[in-house]
Amino acid sequence: MSDVVIIGAGMHPWGKWGRNFVEYGVVAARTALADAGLEWSDVGFLAAGNTMRNGYPGYVSGSTFAQALGWRGVRVSSSFAACASGAVAIDQARAQIQAGRCDVALVVGADTAPKGFFGPLPGVRPEDPDWLRFHILGATNPTYFGLYARRRMEAYGATAKDFAAVKVKNSRHGLTNPNARYRKEFGYDEIEASPVVADPLRLVDICATSDGAASLVLASAEFAATRADHDRQVRLAAISTVTPQYPNTYLDMPDIATDSAVGVALPERTFRDSIAAAAYEEAGVGPGDLSLAEVYDLSTALELDWYENIGLCGEGEAEALLHSGATSLGGRVPVNPSGGLACFGEAIPAQAIAQVCELTWQLRGEAGERQVEGARVALSINQGLFGHGSCVIATK
Amino acid sequence: MSTKPHVPVVEGYFTEEGGAKLLGGRCARCGAYFFPKQYSFCRNPACGAPDLDDVELSTRGTLWSFTDNRYAPPPPYPATEPFEPYGVAAVELDVEKMVVLGQVARGVDVSSLHAGQAMELVVEPLYESDDVVHTVWKWRPVQEVAS
Numbered sequence: 001m002s003d004v005v006i007i008g009a010g011m012h013p014w015g016k017w018g019r020n021f022v023e024y025g026v027v028a029a030r031t032a033l034a035d036a037g038l039e040w041s042d043v044g045f046l047a048a049g050n051t052m053r054n055g056y057p058g059y060v061s062g063s064t065f066a067q068a069l070g071w072r073g074v075r076v077s078s079s080f081a082a083c084a085s086g087a088v089a090i091d092q093a094r095a096q097i098q099a100g101r102c103d104v105a106l107v108v109g110a111d112t113a114p115k116g117f118f119g120p121l122p123g124v125r126p127e128d129p130d131w132l133r134f135h136i137l138g139a140t141n142p143t144y145f146g147l148y149a150r151r152r153m154e155a156y157g158a159t160a161k162d163f164a165a166v167k168v169k170n171s172r173h174g175l176t177n178p179n180a181r182y183r184k185e186f187g188y189d190e191i192e193a194s195p196v197v198a199d200p201l202r203l204v205d206i207c208a209t210s211d212g213a214a215s216l217v218l219a220s221a222e223f224a225a226t227r228a229d230h231d232r233q234v235r236l237a238a239i240s241t242v243t244p245q246y247p248n249t250y251l252d253m254p255d256i257a258t259d260s261a262v263g264v265a266l267p268e269r270t271f272r273d274s275i276a277a278a279a280y281e282e283a284g285v286g287p288g289d290l291s292l293a294e295v296y297d298l299s300t301a302l303e304l305d306w307y308e309n310i311g312l313c314g315e316g317e318a319e320a321l322l323h324s325g326a327t328s329l330g331g332r333v334p335v336n337p338s339g340g341l342a343c344f345g346e347a348i349p350a351q352a353i354a355q356v357c358e359l360t361w362q363l364r365g366e367a368g369e370r371q372v373e374g375a376r377v378a379l380s381i382n383q384g385l386f387g388h389g390s391c392v393i394a395t396k
Numbered sequence: 001m002s003t004k005p006h007v008p009v010v011e012g013y014f015t016e017e018g019g020a021k022l023l024g025g026r027c028a029r030c031g032a033y034f035f036p037k038q039y040s041f042c043r044n045p046a047c048g049a050p051d052l053d054d055v056e057l058s059t060r061g062t063l064w065s066f067t068d069n070r071y072a073p074p075p076p077y078p079a080t081e082p083f084e085p086y087g088v089a090a091v092e093l094d095v096e097k098m099v100v101l102g103q104v105a106r107g108v109d110v111s112s113l114h115a116g117q118a119m120e121l122v123v124e125p126l127y128e129s130d131d132v133v134h135t136v137w138k139w140r141p142v143q144e145v146a147s
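So the sequences go chain by chain: A and B. If you read the first sequence in this note's numbering, its first letter stands for residue 1, the second for the next number, and so on. If you read the second sequence in this note's numbering, its first letter stands for residue 1, the second for the next number, and so on.
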C-alpha cells in the first residue's frame, strides 16, 4: 500500500462561540489548505465527520462543506462514529488516495455543542440504548467516567489526587496553545474546591462540550514528493478503526450491560487495548518508540486508563508513571502536550482530527512552547460510543 | 406509600412478579446470554442462531464499580424537584458473567460500597405520574439474613 502524507493542518480555535458549525469548519479547512500551500481547487476528495446536534447539514457534512467551500463536483464522504468520527473521516480520505482515486484529499470536522451534559437526541425511543440509559438509569456520560474512575480506585488504589494530577499537568501543557479554549493553570486546591459531578470526579476532572473545527490535507507520497516543503511533511503510518471482539465484557458507553462471557473464550485483548495494538501492528512500531501521545481525556482518570491501553505501562501502573513525570512535557513520552480535552473541551467530530493536527505540528517541530524535542513517532487514540475505536500513528 | 399500580418504565426488561428479576435472552445453541434481549437472534459470531429463548437472569452479582450522580441529568431522565442525587452501580452477574448497570437502591449509602461485594436486584419506583408508579430495577448490597 502506498504511503499517504499529511501536508496541511489547520483549526478554528475551540470555545463556546455559538456560531454555525459550518463557519468553523470552513476556517479550519482554509487554514489547512493554506498550510499545505494549496487551494480548494486542488482537492480531489472531501471527507467530513458528522455532527448529530446541528440538523440535517450535520448528517451530510461532506456535502455541507463542499457546498460551503463552493460546489465543484468533488466527491465526498460523511462519517459518523461518535467521538471517533474524525478518525474515520481521515481513514476514508486515506483510502481514496491509496486506491489511486485522487492525489489530494481534505478532511474536515466541526461542531457547535450545546451547554452542559450531552443528552440523547429528542423523542421517545425505548429501543435506542442511548435514549434509554438517560431515561431509566440517569446514566450520563460522566456517570460512565465516574464508574471507570472508581474502578481505578478500587482495583489499583488510585486516589482523587492522582486524577487531579492529570488536570494539573494538562492545564500546564495547554497554557500557550492558541487553539485551546481553557488556558489557565490549575492547582490542587482549586480542583478540590470544584463540585463533585459523578463521584469521584469533579467538574474540572470532566471535559466540557465545545465548539471548534479541525482539518487536514492528505496527499499521495508521489504528489507530496513534488512539493518543496519536504521537511514539514508527516507520514500517516497507521489508522486503526477497529470495533470490539465478542464477547466485549467491558462496560462501554452507552450500554446498559456487557456481553456475556458464558461459553466462549475471552478475546486476546480488551477493546481499548486492541485499538492501539492494531495501529502499532500496521505502523510496525511499539509503545517504546513513541515520542508523544494524544489520548482522549474525557476525564482525568480516563487518561490514566489510556496509558495502560497504549502500552506505556502495565495495568495499574499509570499513576506511578504519571507521578514519575514521564508523561509531562520534558519527560520520556509526554501525553497530551496540546493540553488535551482538559484544555479544549470536546467538539465531537473535530476532536480526533484535532489530535492528529497536534501530532503533525509536533513532528514538524512547529509546536512552540509545548514542543516535544526531537519528536519522531506520535500516536493519537480515542473511542466513540457504540464500539468505535480510533488510533492514528504518524511519523517524521 | 402510593397505592397506584406499578408499571415497568420499560417493557420487557424486568419483572417484580414473584420477586425482582431481569428478563433477558439465551441462545439455545451456544448458551450465550443477552440483556436486554434486544434482538431475536444470537450475536455470538461463532453461532448466529436465529432465535433466543426468553429467560430470567440471576438476581445476584459482584459489584464492579459505582458512582454517585450529584447533578440532574438532562431529559428524558425524570428528575425530581428538588433533585435527589442517586448512585449507579455496575454489577457482574454470577451466572451470566455479564456486567449490568442499575441505580443503587434508595437508602443505600453509596460511599459505603466497595468493589467485590455481593449485590442483589430489587425493583423500586423511579418516578410517579398521575395514575401509575413507574418502576425500574436497582442494585443493593445483599441483605444478610441473621442465622
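Please note: incorrect hints may appear among the correct ones.
Some chain B residues close to chain A (C-beta under 10 angstroms, calculated; not the full set) [said to hold, decoys possible]:
no. : residue
1   : V7
2   : F41
3   : T67
4   : P73
5   : K97
6   : S111
7   : P141
Computed list of chain B residues with no C-beta within reach of chain A, every gap over 10 angstroms [to be verified]:
no. : residue
8   : H6
9   : E16
10  : T59
11  : D68
12  : P74
13  : P78
14  : S112
15  : V133
16  : R140
17  : E144
If you are wondering where the hints come from, they were derived from the structure by calculation, not from laboratory data. Using N, Cα and C, we set each Cβ at its ideal position, and we do this for glycine too.
Chain A contact restraint on K97/B - CB to CB distance below 10 angstroms: The hint holds - K97/B has a Cβ within 10 angstroms of chain A, the shortest such distance being about 4 angstroms.
Interface restraint verdict for T67/B against chain A (beta-carbon cut-off 10 angstroms): At about 3 angstroms, which falls below the 10 angstroms cut-off, the nearest Cβ of chain A leaves the hint on T67/B intact, so it holds.
10 angstroms cut-off, C-beta based - V133/B kept clear of every residue in chain A: holds (14 angstroms)
Interface restraint verdict for V7/B against chain A (beta-carbon cut-off 10 angstroms): Violated - the Cβ of V7/B stays beyond 10 angstroms from chain A, reaching only about 12 angstroms at its closest.
Distal placement of T59/B relative to chain A, Cβ over 10 angstroms: Nearest chain A Cβ is 14 angstroms from T59/B, so the label holds.
Interface-negative label, S112/B against chain A, beta-carbon threshold 10 angstroms: Holds: least Cβ distance 12 angstroms, greater than 10 angstroms.
Status of the P141/B interface restraint (C-beta, 10 angstroms, chain A): With a minimum Cβ separation of about 15 angstroms from chain A (threshold 10 angstroms), the hint on P141/B is violated.
Distal placement of P74/B relative to chain A, Cβ over 10 angstroms: violated (3 angstroms)
Hint check, F41/B versus chain A [nearest Cβ-Cβ separation less than 10 angstroms]: violated (13 angstroms)
Least C-beta distance between E144/B and chain A, which was stated to exceed 10 angstroms: holds (21 angstroms)
Status of E16/B, Cβ more than 10 angstroms from any chain A Cβ: holds (15 angstroms)
Separation of D68/B from chain A, once the least beta-carbon distance is taken, above 10 angstroms: Not fine: 4 angstroms to the nearest Cβ puts D68/B too close to chain A.
Hint compliance for this structure: hints 1, 2, 7, 11, 12, 13 are broken, all remaining hints hold.
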